[in-house]
Amino acid sequence: MSAIQGTLSQTFSQLKKDPPGMTGLVVVTVIILVTLLAGIIAPYDPLEVDVYDRLSSPSAEHWLGTDQLGRDVLSRVLLGGQIALKVSLVAISVSMAIGLALGMLAGYGPRWLDQVLVITFDTLRSSPTIMFALAIVAITGPSLNTVIAVIIITSIPVYGRVVRTQTQALRDRDFIKAEVVMGASTFRILSRHLLPNIAPPLLILASMDVPAVVGMEAGLSFLGLGVSPPAPSWGSILYDGYSYIRNSPWPIIAGGLPLIAVTLGFTFLGESLRDIFDPKLRKKGADS
Amino acid sequence: MSALLSVRDLRVRYPLDGGLASLFDRESASHVDVAHGVSLEIERGETIAIVGESGSGKTTLAMAICGLAPVLGGEVCFNGELLETGKNRRLLPDRKRVALMFQDPVGSLSPRMTVGKLLAEPFHIHPGFSDNPNRSAPDLLALVGRGEEFADRYPHQLSGGQARRVSVARALALEPELLIADEPTAGLDVSIQGEVLNLLSQPQKKMGLGIMIITHNLNIVRHVADRMAIMYLGRFIEQGDAQLVLDRPRHPYTAALLSANPKPDPDAQIDRIELRSEVPSLLQRPAGCEFHPRCPYAREQCGNSFPETSKTGQSRTFNCFYPLG
Amino acid sequence: MTASSLEIRDLSVSYATPRGRLQALREVNFKVPEGGITGIVGESGCGKSALISAIIQLLAPNAQIDSGSVLLGGENLLELDAAQMRGFRGERISAVFQDPMTSLNPVLTIGRQLQDIQHRSRASSEEKRALSLKMLARVGIPDAEQQLKRFPHHLSGGMRQRVAFAMALMTEPSLLIADEPTTALDAPLEVQIIHRLQELQRDFGCTILFISHHLGVIAELCDQVVVMYAGEVVESGSTRDIFHRPAHPYTRRLLECDPARIGQRTASLPVIQGSLPDLVELPPGCIFADRCSETIDRCFNKHPRLGGIQHRAACHLAGDVK
Numbered sequence: 018m019s020a021i022q023g024t025l026s027q028t029f030s031q032l033k034k035d036p037p038g039m040t041g042l043v044v045v046t047v048i049i050l051v052t053l054l055a056g057i058i059a060p061y062d063p064l065e066v067d068v069y070d071r072l073s074s075p076s077a078e079h080w081l082g083t084d085q086l087g088r089d090v091l092s093r094v095l096l097g098g099q100i101a102l103k104v105s106l107v108a109i110s111v112s113m114a115i116g117l118a119l120g121m122l123a124g125y126g127p128r129w130l131d132q133v134l135v136i137t138f139d140t141l142r143s144s145p146t147i148m149f150a151l152a153i154v155a156i157t158g159p160s161l162n163t164v165i166a167v168i169i170i171t172s173i174p175v176y177g178r179v180v181r182t183q184t185q186a187l188r189d190r191d192f193i194k195a196e197v198v199m200g201a202s203t204f205r206i207l208s209r210h211l212l213p214n215i216a217p218p219l220l221i222l223a224s225m226d227v228p229a230v231v232g233m234e235a236g237l238s239f240l241g242l243g244v245s246p247p248a249p250s251w252g253s254i255l256y257d258g259y260s261y262i263r264n265s266p267w268p269i270i271a272g273g274l275p276l277i278a279v280t281l282g283f284t285f286l287g288e289s290l291r292d293i294f295d296p297k298l299r300k301k302g303a304d305s
Numbered sequence: 006m007s008a009l010l011s012v013r014d015l016r017v018r019y020p021l022d023g024g025l026a027s028l029f030d031r032e033s034a035s036h037v038d039v040a041h042g043v044s045l046e047i048e049r050g051e052t053i054a055i056v057g058e059s060g061s062g063k064t065t066l067a068m069a070i071c072g073l074a075p076v077l078g079g080e081v082c083f084n085g086e087l088l089e090t091g092k093n094r095r096l097l098p099d100r101k102r103v104a105l106m107f108q109d110p111v112g113s114l115s116p117r118m119t120v121g122k123l124l125a126e127p128f129h130i131h132p133g134f135s136d137n138p139n140r141s142a143p144d145l146l147a148l149v150g151r152g153e154e155f156a157d158r159y160p161h162q163l164s165g166g167q168a169r170r171v172s173v174a175r176a177l178a179l180e181p182e183l184l185i186a187d188e189p190t191a192g193l194d195v196s197i198q199g200e201v202l203n204l205l206s207q208p209q210k211k212m213g214l215g216i217m218i219i220t221h222n223l224n225i226v227r228h229v230a231d232r233m234a235i236m237y238l239g240r241f242i243e244q245g246d247a248q249l250v251l252d253r254p255r256h257p258y259t260a261a262l263l264s265a266n267p268k269p270d271p272d273a274q275i276d277r278i279e280l281r282s283e284v285p286s287l288l289q290r291p292a293g294c295e296f297h298p299r300c301p302y303a304r305e306q307c308g309n310s311f312p313e314t315s316k317t318g319q320s321r322t323f324n325c326f327y328p329l330g
Numbered sequence: 002m003t004a005s006s007l008e009i010r011d012l013s014v015s016y017a018t019p020r021g022r023l024q025a026l027r028e029v030n031f032k033v034p035e036g037g038i039t040g041i042v043g044e045s046g047c048g049k050s051a052l053i054s055a056i057i058q059l060l061a062p063n064a065q066i067d068s069g070s071v072l073l074g075g076e077n078l079l080e081l082d083a084a085q086m087r088g089f090r091g092e093r094i095s096a097v098f099q100d101p102m103t104s105l106n107p108v109l110t111i112g113r114q115l116q117d118i119q120h121r122s123r124a125s126s127e128e129k130r131a132l133s134l135k136m137l138a139r140v141g142i143p144d145a146e147q148q149l150k151r152f153p154h155h156l157s158g159g160m161r162q163r164v165a166f167a168m169a170l171m172t173e174p175s176l177l178i179a180d181e182p183t184t185a186l187d188a189p190l191e192v193q194i195i196h197r198l199q200e201l202q203r204d205f206g207c208t209i210l211f212i213s214h215h216l217g218v219i220a221e222l223c224d225q226v227v228v229m230y231a232g233e234v235v236e237s238g239s240t241r242d243i244f245h246r247p248a249h250p251y252t253r254r255l256l257e258c259d260p261a262r263i264g265q266r267t268a269s270l271p272v273i274q275g276s277l278p279d280l281v282e283l284p285p286g287c288i289f290a291d292r293c294s295e296t297i298d299r300c301f302n303k304h305p306r307l308g309g310i311q312h313r314a315a316c317h318l319a320g321d322v323k
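Protein sequences, first through last, are from chains A, B and C.
Here the first sequence is numbered in my numbering, starting from 18 and rising by one per residue.
Here the second sequence is numbered in my numbering, starting from 6 and rising by one per residue.
Here the third sequence is numbered in my numbering, starting from 2 and rising by one per residue.
For reference, chain A alone in the conformation it holds in the complex (with noise of 0.2 Å):
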């Protein structure tokens, strides 16, 4: 397809021009192949425990240093990586997706069924997400599975409203009812000529998504909500650093600095893109 390459291309050659978006491109792609690569570049088992070696400074050995157990915090922290966009990329996909459907029947569906739609998105995200948490981790028990449960039916509504709100204001466009007057189905409609105005700006606001996903994980952790121990999550690298603050700055620091790189690469990344495919303010290319 080279009109897809072609929008590659003239996007990247874009944002090459916008330094903050060509930071959070390098950034990003850094987190991602390090993530990917943890298994190989990890130079310690993330579970194994030293206790000779504990909270240590970090040194030759230990690039960050280790933990309470004496298991090396620079393995932790990739594996943590894993876990965190496993979780993103998952909970991520799956909301956006059925935020998507139920976003577009909304926007372009008979209008009880709109108001339902609402009136559930708006029930949903009115409840706190810890509260919620909890209520789950109470009937399931706390586990990486809870975590993107919970984070996929509280970012659902989100996606939903974002996408009914989109559909609604393009449903009375007129490219839209040129196609009804053409004969097109109600399902040809929504997929050849809704989802593609939809999508591009729904990525965008997915990418930005990420660190506030990620954030999540990491605070369910910290509070025992989420990734069960020993494994490795941002989370419980921060929560068991916390506990020894007075020991070793060593682990917080280490689990504290991929949270914000994650945060600000996203988010540079994101604003960028969004500037690029938001058509007022990109400049139109030569007519020619």
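Heads up, some of the hints might be wrong.
Computed list of lysine-lysine pairs in DSBU-like fashion (alpha-carbon distance at most 35 Å, straight line) [stated by the list, open to error]:
#	chain 1	residue 1	chain 2	residue 2
1	B	316	B	268
2	A	194	B	210
3	A	34	A	103
4	A	194	B	122
5	B	268	C	135
6	A	194	B	101
7	A	33	A	103
8	B	316	B	210
9	A	34	B	122
10	B	211	B	316
11	B	122	B	211
12	B	268	C	32
Now the in silico label distances, taken between C-beta atoms and shown as ranges [what the hints assert, rightly or not]:
#	chain 1	residue 1	chain 2	residue 2	range
13	C	85	A	34	33 to 39 Å
14	A	127	B	137	33 to 39 Å
15	C	155	A	127	30 to 36 Å
16	B	310	C	135	40 to 46 Å
17	C	283	A	39	33 to 39 Å
18	C	276	A	39	37 to 43 Å
19	A	212	C	302	52 to 58 Å
20	C	120	A	39	39 to 45 Å
21	C	302	B	275	42 to 48 Å
22	B	147	A	143	57 to 63 Å
23	C	155	B	310	30 to 36 Å
24	B	213	C	265	23 to 29 Å
25	B	36	C	144	23 to 29 Å
26	C	120	A	270	54 to 60 Å
Calculated from the structure, these hints are not laboratory results.
Using N, Cα and C, we set each Cβ at its ideal position, and we do this for glycine too.
Fit chains B and C to the given chain A structure using the hints.
Using the frame of chain A, we list chains B and C on its own:
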């Protein structure tokens, strides 16, 4: 044989969503009648021009025939068959046989589709028309006088005239029997207006297409229309042969509208009929003849009842108590 | 030279584009005599937006004035600094555009906006209000007192355009630029507004530059006409000259295309074949040559200069035509 399109006493009513204010202000109207009893017939191979000021309901009439506006009453027959109304009281015309060109040519093209895909779209929707939709697109481009290099462009890269041509191609793709063109020359330069209108008249001769042109450009009416109908506040107040109406309007509003048209001749002598104020709001429809508050010839009777339709000669109708000679 | 005449001398404006410099205006020359209404006829791509933005000095960042001068009452606007120019805009030059909704603030009342535009005046707020009422009445708005309290969206398109004219004339400018102000309006309103504009012009004595592609409106309203094509003035003269004795083939073609000038019903309407030339790589000869039906060899090699004194045309054959 029955007419291609026959509209009887069509009424279109939009509900008004007053929001919070309507809770407190019960007096305000809960609906607005945009078409208020419209009747017209279109024969095969004929062009009818619908003329009127903005807000007169011209576009709504087109939308209603295409099933995009809620119909309150009246009936619409296509080739003698009564059109059903579906959910929300919208008409259900046969999409292949009725085509609509929107006022905004760029806005009516799906923004993330290339011209090539946009032109193949009618054939994808109605697979019976072409064995290979993607191969038919270049033929359509040729039909409207554009080459294949055009196929990769996106709507926002087209000029008004180019987008208009693409709309014409899409509208004619399925060889419809009726084409409704809403302001087909709006925003076009004078030097290319003719191109678009000529594109429409060619297939008309070939396939006996019936065309309904909605326009406020009176200059083109004489050249493209066989008949014309003048709309005011959701009603036709005069209808008839285009030449006759243009040369000898009977309704004062028609005369005023025609006289208001500036002539491209600095020495032209125009006897203008000055109209008082502006088109009234549809929410406050005047009693009697809706035009009487602005009419220079209005008398007492005009404010009391709506004039019956008068018929003179062949298909010439008007609604006025005191028609012009 | 009088206080409010406008003269454009050898004005060239170009835009930086990825393909090279797009020469939007090339040596544009015309005079708008004081207290007259001059119409600019031009189809899309004729360079009218570049011309307006050069006159009011609000050019896009990628635009550049390559040469020439814009003289208002003998003063070259292009030599003014930013602060002086700000003083000129609104005070001595006003503009009215096609869509009044874009120039009116949707969240402020009409009255508020009419007062705000008098911010340079030392008058008391009662005096400003009185002037607002007077101006609204002058542009033909009934019930002005009530209208002051209303918001732009309460008004019809025609009323909004009248308010825009009231605002533009409030400071009694020397020059009023009207860019397609009646294009979006229905014919009866269009006629009302151009007549009102003629009256206002007589009363205020300002110079009006009226841009439109509607030949009928130009013929009815203007004393002088400038015909532009692809960034050049191809013909200028009195309205009668242009409409009765057009000297440039483009003007003639344009007039022929106007269905209002064709009395008898025709099966197919005339059009100007071809398309605008590439303004990045200009043809060496006449800018209209490849769409013109009356060319000689010289038309493709040598660029014609604007000839004549009162009635001017940029055509090698213009002399023969007369």
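For each hint, the structure was consulted:
no.: 1; hint: B/316 - B/268; in the structure: holds, 31 Å
no.: 2; hint: A/194 - B/210; in the structure: holds, 28 Å
no.: 3; hint: A/34 - A/103; in the structure: holds, 31 Å
no.: 4; hint: A/194 - B/122; in the structure: holds, 17 Å
no.: 5; hint: B/268 - C/135; in the structure: holds, 32 Å
no.: 6; hint: A/194 - B/101; in the structure: holds, 15 Å
no.: 7; hint: A/33 - A/103; in the structure: holds, 28 Å
no.: 8; hint: B/316 - B/210; in the structure: holds, 30 Å
no.: 9; hint: A/34 - B/122; in the structure: holds, 32 Å
no.: 10; hint: B/211 - B/316; in the structure: holds, 33 Å
no.: 11; hint: B/122 - B/211; in the structure: holds, 26 Å
no.: 12; hint: B/268 - C/32; in the structure: holds, 25 Å
no.: 13; hint: C/85 - A/34: 33 to 39 Å; in the structure: holds, 34 Å
no.: 14; hint: A/127 - B/137: 33 to 39 Å; in the structure: holds, 37 Å
no.: 15; hint: C/155 - A/127: 30 to 36 Å; in the structure: holds, 33 Å
no.: 16; hint: B/310 - C/135: 40 to 46 Å; in the structure: holds, 42 Å
no.: 17; hint: C/283 - A/39: 33 to 39 Å; in the structure: holds, 38 Å
no.: 18; hint: C/276 - A/39: 37 to 43 Å; in the structure: holds, 39 Å
no.: 19; hint: A/212 - C/302: 52 to 58 Å; in the structure: holds, 55 Å
no.: 20; hint: C/120 - A/39: 39 to 45 Å; in the structure: holds, 44 Å
no.: 21; hint: C/302 - B/275: 42 to 48 Å; in the structure: holds, 45 Å
no.: 22; hint: B/147 - A/143: 57 to 63 Å; in the structure: holds, 58 Å
no.: 23; hint: C/155 - B/310: 30 to 36 Å; in the structure: holds, 32 Å
no.: 24; hint: B/213 - C/265: 23 to 29 Å; in the structure: holds, 24 Å
no.: 25; hint: B/36 - C/144: 23 to 29 Å; in the structure: holds, 28 Å
no.: 26; hint: C/120 - A/270: 54 to 60 Å; in the structure: holds, 56 Å
In summary, this structure violates none of the numbered hints.
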